[in-house]
Amino acid sequence: MPKINMVQAINLALSQEMEKDDSVVVLGEDVGVDGGVFRVTDGLIDRFGPERVIDTPLAESGIAGFSIGMALYGLKPVCEMQFSGFSYFAMHQMESHAARLRWRSGGRFSVPMVLRAPYGGGVRALEHHSESREAYWAHTPGLKTVIPSSPRNARALLVSAIRDPDPVIFYEPKALYRAFREDVPDEEETLPIGKSQIVREGKDVTLISYGASMRPVLEAASELSARHGIEAEVIDLLTVSPMDDELFTGSARKTGRVVVVHEAPRSFGPGAEIVARLVEKSFLFLEAPVRRVTGFDIVIPLYQRETEYLPGPERILKAVRETLDF
Amino acid sequence: MPKINMVQAINLALSQEMEKDDSVVVLGEDVGVDGGVFRVTDGLIDRFGPERVIDTPLAESGIAGFSIGMALYGLKPVCEMQFSGFSYFAMHQMESHAARLRWRSGGRFSVPMVLRAPYGGGVRALEHHSESREAYWAHTPGLKTVIPSSPRNARALLVSAIRDPDPVIFYEPKALYRAFREDVPDEEETLPIGKSQIVREGKDVTLISYGASMRPVLEAASELSARHGIEAEVIDLLTVSPMDDELFTGSARKTGRVVVVHEAPRSFGPGAEIVARLVEKSFLFLEAPVRRVTGFDIVIPLYQRETEYLPGPERILKAVRETLDF
Amino acid sequence: MPRKAINLTCKVEYLSILDETGKLDKKLDPSIPDDLLLRLYRAMLLARRFDERMLVLQRQGKIGTFAPIKGQEAQVGAAAVLEPGDWLVPSFREMPSELWRGKSMESVLFTYGGYNEGGYIPEGINNLPVSIPVGSQTLHAVGLGYAMKYRGDKSVAMVFFGDGATSEGDFHEAMNFAAVFRTPTVFMCQNNHWAISVPRSRQSHSKTLAQKALAYDMPGIQLDGNDVLAVYAGAKEAVDRARSGGGPTLIELVTYRMSMHTTADDPKKYRSEKEVEEWEKRDPIVRFEKYLRGRNLLTDAGVEEMDEDVRNEVREAEERWLEQIGKGVDPLDMFDHAYAEMPPSLRAQKEELERELSEKKR
Amino acid sequence: MPRKAINLTCKVEYLSILDETGKLDKKLDPSIPDDLLLRLYRAMLLARRFDERMLVLQRQGKIGTFAPIKGQEAQVGAAAVLEPGDWLVPSFREMPSELWRGKSMESVLFTYGGYNEGGYIPEGINNLPVSIPVGSQTLHAVGLGYAMKYRGDKSVAMVFFGDGATSEGDFHEAMNFAAVFRTPTVFMCQNNHWAISVPRSRQSHSKTLAQKALAYDMPGIQLDGNDVLAVYAGAKEAVDRARSGGGPTLIELVTYRMSMHTTADDPKKYRSEKEVEEWEKRDPIVRFEKYLRGRNLLTDAGVEEMDEDVRNEVREAEERWLEQIGKGVDPLDMFDHAYAEMPPSLRAQKEELERELSEKKR
Ligand SMILES: Cc1ncc(C[n+]2csc(CCOP(=O)(O)OP(=O)(O)O)c2C)c(N)n1
Ligand SMILES: Cc1ncc(C[n+]2csc(CCOP(=O)(O)OP(=O)(O)O)c2C)c(N)n1
Ligand SMILES: [Mg+2]
Ligand SMILES: [Mg+2]
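Residue numbers (my numbering), protein chains in the order written: chain A, 1 to 326; chain B, 1001 to 1326; chain C, 2001 to 2362; chain D, 3001 to 3362.
Mixed in with the good hints, there may be bad ones.
[Stated by the list, open to error] Cut-off 25 Å, straight-line C-alpha distance, at most; resulting in silico cross-link-like pairs (PhoX-like, lysine-lysine):
no. : chain 1 : residue 1 : chain 2 : residue 2
1   : D       : K3350     : B       : K1281
2   : B       : K1281     : A       : K318
3   : C       : K2011     : D       : K3207
4   : D       : K3350     : C       : K2004
[To be verified] Derived DEER-like restraints, expressed as beta-carbon distance ranges:
no. : chain 1 : residue 1 : chain 2 : residue 2 : range
5   : D       : G3246     : A       : P165      : 34 to 40 Å
6   : A       : E219      : B       : F1326     : 34 to 40 Å
7   : D       : E3123     : C       : P2199     : 39 to 45 Å
For the record, the hints were derived by calculation from the structure and aren't laboratory data. Here a beta-carbon is modelled for each residue, glycine too, at the ideal position from N, C-alpha and C.
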């Protein structure tokens, strides 16, 4: 098994699915000749040609609506929003059509598309290039919102997303694109959409997160164990919506203490939904208030102040300590 | 004090503010000659002329972006999205510019605009005409999201919104447009943005809601009192974001039992944030899980099934009983 | 290099074949077979009668808000050019075209009656469901067109939208994508002169809507939209071009919304009776009928019989619809078709509603 | 009515005044005063040197990703037409115009260096901050224009955007609003032939971008964007028209992005060296310099002195910037300017961060 980074893993998922199924097409701004601004689609145009790896004009609503049309005809478009910060241009297409055409047509039509977008901070980028607004999509009925956290699960989730009969928003934590490598088998691998994973077992506290924040969370968990003998159970949502609350409410019933971590602004963010589900399903087991360690309710600052904005290991540790001390 | 309905109350707010301040302009699709599809802007064009009451071309992003430009020049545009279901076309303008220009310019510029939009179900409307997606806006840093629940508070809040130096999303519960009349003083009245209200005092359970759902909530509260001797404290958020959690966490500390009600889909909806704040601020006082009585995580159905989708008094009563019985 | 004129192709034509008195311009006759002419006439009449009937139903409270199509029946000339394998992408004022392509009147009643059942379109009929967000569906027709080309299918996607829709960014993006990718897409703009209360002249500063094609170096043409022969001829040219790899076309149908925007609208607030009367003289059905009578394809008796026939068809559809809705609806259906497979948390919500409804019954 | 051509105004011209060798077309000479010519030259040189310096700083890791403007310096010809009361609405490749209008080089360094401080523009300078979402700022210039008219101010808003931006729906909506409301807006499209890796020819099917004005019956013109005299003359015509109530204009500046899209981009992946070399021959600074030398407004010594002077100015700005950032930043500033008045729940978050930071220090 070759060790590859997330960019390569996503590329692998795309190329293998394109190989297997000629209904899979890739499109977006600069995804073809250039291979994508992050090189995620590198080489695809050479292998599959410009009809299947489509450099589109610069228009996000156009890309989404065009993809919807293709999907209605039976193709499986995987479109890219160059940065998630520009995906709001396509919000109405996704909310009003992609998410609804199955329902609107009483099951006659479907929109098996994937909308990929790099999201999140940590890469010293310009304004609009570091946001986390997955909650917009998560709150939209008819969509599924998936966020990987490693090369291997990125590859497997993307394969599942492409094969999913419904529209999937696939947010890629760009801070993890080249952050580390992992063994990714060449053979087919999928991961069920709608399922979370326990990535570290523990009994003292439950840490719930996803995507880019999994790194600081796991760092904090190691530190808790190594330095303080505290064993955190770490849950990676993988799918943000529809949310798999079985796993994390189960874990909370065991540990009684929960900290939720994400980069998105706190208020009305995914963490709120996690807390609500915990209250609904494991209320009697909660021994301390659930803490949210998140981005603040402001525009993510330009990169000199970004580190303080993002939920890093120290903030997580502090929240865990306070939760345990409660 | 004349008894007027919410449509008239909003109209009053607009006309009085326009009278007072010539920087206030009204714009949108059909707001001028037609007076708005709900007659909210009726008569304004006759009083203030087509330069100030502007029938725009049919383009929501255009309307929002155009308003931003006006606001940057010092005007106070009050733009209408004909239905909130079409406001997503303007999402990127609001997220990327209206919400950020003060921040981006280090305080040099500001965008004192109001984006009005009728939202919610209950009027036997076509698809896209009954949604509640206030959570999109509420999750967007830099915006304020305000939702009135009666003619009088609609008028006062809109005046405050127009005078607010920052962009305000003003969602109007169209089910309440003509549902009832209220005394609305002709004299100036404002309501602070960012403040909730206790609209009914009680000691047994706290009901938190806003906008269109206030009606079934108050109905349920009366019924609880009349039939069961249960005194519900009812809180009207009025401002959804930035959220005033002081008031409702205080009430929860008193009653220990809370039910949250809104039309928006449950998951990742405003109710989740309320639960999260309750857990953060009144954890030890909660005697039962907070219940969410909300729209379901699906597209709101066409009107024949709408009643069952919307959180009505019966669903609220059931949730309250279960919360009390917990 | 001096200040010099750039040489651009700027041709935008106007085509009308039947004048308001039903007189044919022979040079332009698209030579439609007689039986098709009669089918077109019948389709227009059916649409008119159904529209009238829906207005009654709406006023009786039996259906909700709906968008009358009166005056825009000649659009069927465009739909008639399509093959079954082609796709129709309608907005909300294409009931005549949708029926032509096989959609049932019941399904229209379902939709306007507030039942989601109306969205279902039987397998084999390639109509998209009605799209309400103005202009947004244009992009779908471009994607469909791309996919047809990609699959090597010689099909065409025809998308309808209004004059107001040309103001939306999506219209522009769709035109641009279609031109860049040369998709087999026919853009059919029904310029009915009003977007609710906003007249065409204030929707866009351009003299015509057809000329918007110039921005994309795409063929654009303006047709007399109340002349079914012109609509047919113009659409045929565009569809043939698209089918043979010639790329997209923008067609502007110059027509008129003779009725209200929707039943929630009062056009008296913003337009004169006189204007409406002027356009009533150009009624597409009257004009076509005159022509067909002139050619002896229709007689008094024939018209009466056909009208009777069409009214029966409407009544029967209404009866079938009433019967179907008479069985009642299961509100739990609202959870159907949200996803191919219902996610667990949604199932839980459905069960929650189920419990509530059964408690209520008790 | 027969099939007939519709009579449309279809004039789109191309204007170039200085050819690639610096030769002037006398008939078209905009007769710019000598001192303004020299100021324009200096502004172009300053922008070039600052751009070069930023590339060095970026490669040294002192600033982050930035968008070089090399080759597009003649844009200052357009900015130079504006009065202080007019508004400049830039995208991210208008550093030369922004500096011309009084923005400081430090503030540019702040922005690209990752400090929000760069967004602040001193009172009295009517530049909007850089807008990154492509095309979206065009609407702001239309709203500004409307407000100017509404206030009776005889001002103009000039908005810059790229060739790629013409594909966005917002561009279309802005053009339409501007034409409908006849706002004093000048649309300045910098067609630098590339939108990252997508060439102009695949961005739009139209022969020119200027012709997109035809869709709105708006004047459109193509200018040699590497000829500062043509840029000045064309912009002046448009600004004068706008100021005198004549409404908006679309200007296409035909230019070239001689450098990478941003420092994160490798143009070798998608374009040939030869193409770049071709355009290097048309370098706007070289050409203008030749012309000025020909007119004896510049000499060898003069050029050298000015270059020295400009380099000093860049160095001094950099030094001031370094000094300012040397003082360190307060991360708590990130909460500033989110709202005019900080809401309580945001204040609580700020305090939370404050506690965390102070604990960390300890
Ligand atoms: C994106 C969007 N904005 C607003 C509306 C509300 N609305 C429905 S129809 C209409 C006018 C449409 O005018 P036009 O495109 O000319 O079509 P017509 O109604 O004349 O057929 C408006 C504003 C909508 N449905 N979608
Ligand atoms: C709405 C939006 N989509 C995508 C991007 C990413 N992006 C930044 S610049 C650019 C290309 C812009 O091309 P053009 O308009 O020609 O301007 P140029 O960069 O050539 O100056 C893209 C795709 C963006 N900034 N905004
Ligand atoms: Mg119309
Ligand atoms: Mg460009």
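Hint check:
no., hint, result
1, D:K3350 / B:K1281, "holds (17 Å)"
2, B:K1281 / A:K318, "holds (18 Å)"
3, C:K2011 / D:K3207, "holds (15 Å)"
4, D:K3350 / C:K2004, "violated (60 Å)"
5, D:G3246 / A:P165: 34 to 40 Å, "violated (55 Å)"
6, A:E219 / B:F1326: 34 to 40 Å, "holds (38 Å)"
7, D:E3123 / C:P2199: 39 to 45 Å, "holds (42 Å)"
In this structure, the earlier hints numbered 4 and 5 are contradicted, and the remaining ones agree with it.
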